[in-house]
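> The task is to assemble the complex, starting from two chains supplied on their own in separate frames and drawing on the hints.
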Amino acid sequence: MTTASPLITDDDADISSSADEAGRVSGGKKGGRSQFTGRDRTVFIAMVAIPSIIHIAIVWIPTFLSILLSFTKWNGIRFSSLEITGVENYDQTLLGAFKGDTYQAILNNFWLLLFLFFGPTLLGMLLAYLLDKNLKGTRIYQSLFYTPVVLSLAVVGFIWQNVMYDQQYGLATVAFGGGGTVDWLGNQEFLFSFGGYGLSKNFIAILFAMAWRHTGYIMVLYLAGMKSVDAALRESASLDGCNEWQTFRHVLFPTLKPINVIVVVITVIEALRAYDIIAVLNEPRNTELLSHLTTNALVGEGADNIGRGSAYATMLFLLCIGFVLWYVTNHYRKQENTV
Amino acid sequence: MLGRRNAIKGAAALGGMAAFGGVLAACGSDDPASSGDDGSADGGGEMASGTVRVGSNYSDAIPNAALRAALDVLPNEDLVVELNEVDHNTYQEQIVAYLQDPPDDVAPWFAGFRLQALASQDLLLDISDVWTNQLDDVLSGGFKQASTYDGKQYFVPWTYYSWQVHYRPSVWEELGATPPATFDELLTLCETLDAAGVTPFALGNDGRWPAMGTFDQLNFRLNGYQYHVDLMAGKESWTDDRTKEVFTKWEQLLPYHQPDPNGREWQDAAAALVNGEAAMYVIGGFVGSQFPQDELDDLDFFPYPELNPEHGQDTVEAPIDGWVVVANPDNEAAAKEVVAHFGTALAQDAYLAGDPSVQAPNSNVDTSKYNAMQAKSAAAVQNATNVTQFLDRDTLPAFATEAGQAIADFLANPANIDTILADLQGKAEALL
Numbered sequence: 015m016t017t018a019s020p021l022i023t024d025d026d027a028d029i030s031s032s033a034d035e036a037g038r039v040s041g042g043k044k045g046g047r048s049q050f051t052g053r054d055r056t057v058f059i060a061m062v063a064i065p066s067i068i069h070i071a072i073v074w075i076p077t078f079l080s081i082l083l084s085f086t087k088w089n090g091i092r093f094s095s096l097e098i099t100g101v102e103n104y105d106q107t108l109l110g111a112f113k114g115d116t117y118q119a120i121l122n123n124f125w126l127l128l129f130l131f132f133g134p135t136l137l138g139m140l141l142a143y144l145l146d147k148n149l150k151g152t153r154i155y156q157s158l159f160y161t162p163v164v165l166s167l168a169v170v171g172f173i174w175q176n177v178m179y180d181q182q183y184g185l186a187t188v189a190f191g192g193g194g195t196v197d198w199l200g201n202q203e204f205l206f207s208f209g210g211y212g213l214s215k216n217f218i219a220i221l222f223a224m225a226w227r228h229t230g231y232i233m234v235l236y237l238a239g240m241k242s243v244d245a246a247l248r249e250s251a252s253l254d255g256c257n258e259w260q261t262f263r264h265v266l267f268p269t270l271k272p273i274n275v276i277v278v279v280i281t282v283i284e285a286l287r288a289y290d291i292i293a294v295l296n297e298p299r300n301t302e303l304l305s306h307l308t309t310n311a312l313v314g315e316g317a318d319n320i321g322r323g324s325a326y327a328t329m330l331f332l333l334c335i336g337f338v339l340w341y342v343t344n345h346y347r348k349q350e351n352t353v
Numbered sequence: 008m009l010g011r012r013n014a015i016k017g018a019a020a021l022g023g024m025a026a027f028g029g030v031l032a033a034c035g036s037d038d039p040a041s042s043g044d045d046g047s048a049d050g051g052g053e054m055a056s057g058t059v060r061v062g063s064n065y066s067d068a069i070p071n072a073a074l075r076a077a078l079d080v081l082p083n084e085d086l087v088v089e090l091n092e093v094d095h096n097t098y099q100e101q102i103v104a105y106l107q108d109p110p111d112d113v114a115p116w117f118a119g120f121r122l123q124a125l126a127s128q129d130l131l132l133d134i135s136d137v138w139t140n141q142l143d144d145v146l147s148g149g150f151k152q153a154s155t156y157d158g159k160q161y162f163v164p165w166t167y168y169s170w171q172v173h174y175r176p177s178v179w180e181e182l183g184a185t186p187p188a189t190f191d192e193l194l195t196l197c198e199t200l201d202a203a204g205v206t207p208f209a210l211g212n213d214g215r216w217p218a219m220g221t222f223d224q225l226n227f228r229l230n231g232y233q234y235h236v237d238l239m240a241g242k243e244s245w246t247d248d249r250t251k252e253v254f255t256k257w258e259q260l261l262p263y264h265q266p267d268p269n270g271r272e273w274q275d276a277a278a279a280l281v282n283g284e285a286a287m288y289v290i291g292g293f294v295g296s297q298f299p300q301d302e303l304d305d306l307d308f309f310p311y312p313e314l315n316p317e318h319g320q321d322t323v324e325a326p327i328d329g330w331v332v333v334a335n336p337d338n339e340a341a342a343k344e345v346v347a348h349f350g351t352a353l354a355q356d357a358y359l360a361g362d363p364s365v366q367a368p369n370s371n372v373d374t375s376k377y378n379a380m381q382a383k384s385a386a387a388v389q390n391a392t393n394v395t396q397f398l399d400r401d402t403l404p405a406f407a408t409e410a411g412q413a414i415a416d417f418l419a420n421p422a423n424i425d426t427i428l429a430d431l432q433g434k435a436e437a438l439l
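Going down the list, the protein sequences come from chains A and B. Heads up: the first sequence begins at 15 in the working numbering, then just goes up one per residue. Heads up: the second sequence begins at 8 in the working numbering, then just goes up one per residue.
All clues stand as given, with none of them false.
Per label pair, the in silico range of CB-to-CB distance:
# : chain 1 : residue 1 : chain 2 : residue 2 : range
1 : A       : ILE70     : B       : GLN233    : 54 to 60 Å
2 : B       : ALA379    : A       : GLY100    : 56 to 62 Å
3 : A       : LEU185    : B       : THR374    : 48 to 54 Å
4 : A       : GLU97     : B       : ALA360    : 45 to 51 Å
The set of hints was computed from the structure by calculation and includes no laboratory data. Glycine included, each C-beta is placed from N, C-alpha and C at the ideal position.
Here chain B stands alone, though its shape is the one from the complex (with noise of 0.2 Å):
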């Protein structure tokens, strides 16, 4: 079976994997109306005007289209936005390149920690004063403290979903099932459904990325978000008896999930997911994106259950993805004027419209068209008393590289789990 994910991979390995920070610059834009040098843009004045050059990561077609009907709905039209168009895993790796030499003005990002990452090296522009007229009064502040780095802002959000247990509800109406609240409940559960021939959870780790939300859920839920945020800073150890419990208790669910994960892409679970082979499956929302359109209908969520009442279910995990403005961009103005629209509901709405796996962080945005799932994530989200965005969001890149290849050798291999976690502390402290 040749994925989605796959075929990306193939153009770019196609493509020429050895191409570094160039390949960004090289892909071409379509738009065939650019008009040449955009000198006059800072002129100042109300409306920009000129060219400004917009880097995309959106690189599959239903984010790609949703991206440029928000684009075609920009007031001003004296300005010409040119899409440069890069594949999405390739953007992410090659971003420190890019922004050193960034063909753009306007580029995709991500919220948290890798974007203070960024900003900590001088690669973003302070973009404070569009937060300042445009954005405070229509953005939370949740929101606001997720763009801001050292007192000012960098970012603005743009998209969000979160992660969850999905479920076909119709599939646990024939099984008789109902979400769990508490752990022991999951642990009764997983073994009812086990009885019944159903694998409880699925789980895809190729890439080693998609088990990653299963130990936030498990950590945030035993020892609170303070704890998440500080072992992903390195103020907590791996070695702590309050990780170790987390990996305890994986374990204790490990049997019930499908076997050999690390094989697996995380779309081959989500088919499990979808035929009724699985019947539960921790990942982000964009797992709609998984299933017939003609059956979203019958995909739901809960929330991760309880194991410790002294936290409840207060956190969720939603990544929050959105907009810089490059470091010394050739159009400022216009790169502001940019990220500013892409703040309003205007431009959020257009963008749902073609893309209903996300939710918009836009006070305004229009929620009557939200579908029943984006709905419950927003309010979810809406109504968490603390936010992580992921693990590889929340911490150092270079550390989640770490932490992935250390959760992968715990799914092959849990009765390892001490060396694992010590060696993990290590790499922790010699990068944290």
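Bound-form chain A, shown alone (with noise of 0.2 Å):
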């Protein structure tokens, strides 16, 4: 079956096989290599190794160097300040004096990947659902719904801060306040919390903000990939007697596969490089993500230790990396298994 999503097309993936099969050819262990010329080898190991040496110059050298920094105390100044320390900035920051701050920001980088997932991937679907049935003013829905996507992150924290989440006058503290003041962003109280970490009240104002934005974004993904299906598919459907649940749990989602890898994917990423708008909103207290503990740590005024920094950089590039594998094994795992 063929599903034809806009964003991973079939000429996308044969792209990809194609690349692969250059690089089986250069390895020459494939049939049919008689039909390269020498000069067409040149070209696909060029095409090959200028990405491949650019890609491991600009990141994985400095990743690997980041990771080596980790194991050093340096102001970041002069190299002949850096001191090897072996592991004390991991024990400083998994065990010792910031441990705190630590587990509090590997949990909010957890809570914050849960929300995604839970709150606008859910509401995005559904919004693209129903916008899928050709409304009246569909169009006009969807715009109003799109609208926050092209706003940067850090853009939604002024608009939330000063128009939604001012303390007396912000329409939230208006519609929820019951006529008193609200402190949304600075109330760093858990709603749950155990062992001293916990869900931060502000943090989940936050989170309300970011969904704003990022709702809109699945939405019209979804949307995509729903107004490619087959409309034949959904007649079947409802000759053979499905319901409208039935329909979109046996019918449609099932053809929504590239879009729900495509999803999975950005509310991870979404989730680990989270950054900006809690930054403009001056980090409150219990909403720092591991990004603002190595951002403080590397660059800014109080930058005392590069080491420390890279250590959180690097915890956080475990996160991802460990992510990257389980998709690329996961994933493609199947796809060769359905070739």
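So, in structure tokens, the structure goes:
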């Protein structure tokens, strides 16, 4: 069965498989080598080698150096002041004086991931489903839901800080504050906690601001996917007596698989890279993410120890690479099986 | 409400949050008269010439215009001064990257520990000769001390202001209140004000620096100047009973503060003082910038009340702003001439004419032009036995961040103070 989503098309798949082939050809393991001339081979090698070298130089070498730096203490000014301290940075951040910040930050990244999956993703899917029904004024709704996506998260932060969450005049304060003032962004109290860590109320407030933007993004992805589903599929489903839910669950949803994959990827990326909205709100207490701990230790005036910042960055890197490895092994293995 | 600071932050965000040192160099200079190369400048002689680049974090309209006025009165007409303007907060955060490859010769900075932190990394030029030749006679010893690291001077004091308890005399008159002299009087006053329906203390701690001011006042009133210095240097402990006592006193006062301070910007707290919702505000003299200009006469301050007879009111918190020359400037002679100019009464008078919220350190400054607040603040600093800078200027910046978080945690949950202080002490030991 073909799924023709505008985002992952079969053309893309062809390109990647021919790239694979090119790799194999240069390895000389597959037949049909004779159809490539020496010049073709040079071109193939150059096409693979040049991007690889650039990639290694600007991604992997700095990553590797950063991991090395995490075993040092250095103020970032002169190499002569660099001391090798072994695992001290990890000791401080995971077991020592800074562990409270570290675990709360990792937990916050986790809350963000969880929230993005169950909040904006489901809501975005629902909105897409409703808009796909070609209601009257669909385009207007679509534009309204999508508008926040064109804003940077930093701008979203300012808008919510001033329009929604102003302690006295904010829309949210007027609507839910019962006539009084509400400290939406400053209230660092935990909604629930365990062992000193938890989910703080101001973090929830920020999650809602992020959802405002993220929902529209997810909606557009699903909407694009649903628009491209063959109408005959739904017809036959309804002829077979499927109700609305069954049609969605067993017919529509499976055909949206490429979209689901994209959504999973961007959600995880979004949860790990989130930084700007919280930074422009002056990083209220208990809303710090790993990215803030990293940046504060690396680049601020208070950047006394590049090593500790690198240790945080390495943790973030391990979380990312863990996901990437899991994703690549699972996703591509499945694809190979189906070929 | 879109505050002034938000607008600045907004501009920074739109301009690209992720840009580091480069952004400083990229910020435009609006001096079209800049001549190209300045290689000829090091020729020696009395008067320097050529182009000298001055970095500026005076990003708000009033200080910016005042700074330009001060540079306009530079007597040497052979010197072309290019001003390279950077947003205030951005400048501070990127200072280390900036100084490693500085686009400018002269740069603004702060006195005290923060100066020493940069000087100790060889990021600044030793300007002891400027002091010997031109500044020793016109700047008092305390200012020289604040400009010194390891016996050499690296800094020219430019302006200062003091942290005090600000209030509106007209509001107090209506309430029949008078400035308290002791902690007990302060508590009684708070009860009276509270009963009259006025919040005794305004407080907005967004950004986690404003409440440091209250901590400092309580700490040096209770434990003295030396304890403040030693605590900031990591020589005294945050788990010490004396430190704990600061928070105990503060906790007694907390019910008399505006609630939920952590989510409020200092400007919004200032608004509560302006419109009479709050009676007092522990803040720097820059609070005047939040007052309507025609109501500035109705702004006064008193020093924080005495908590411990041993220390009385002998300490004033007065952060000093000034200028440094970067290590290896392009045009050293011109850079030194410009910082020397910043030390003169001529330049400082020109600045004060444009920005009356601060005071100037040169002893020949025309103090007859001071308004009542400026005169009172200058006198307070001159008469003080000890002058502190501010929590985040008297300790390692990395530790100041942690202390700010601890204070915010305390304001959110005072009952948790033991855990908070133990945690902070752990960080002090790791960092200091």
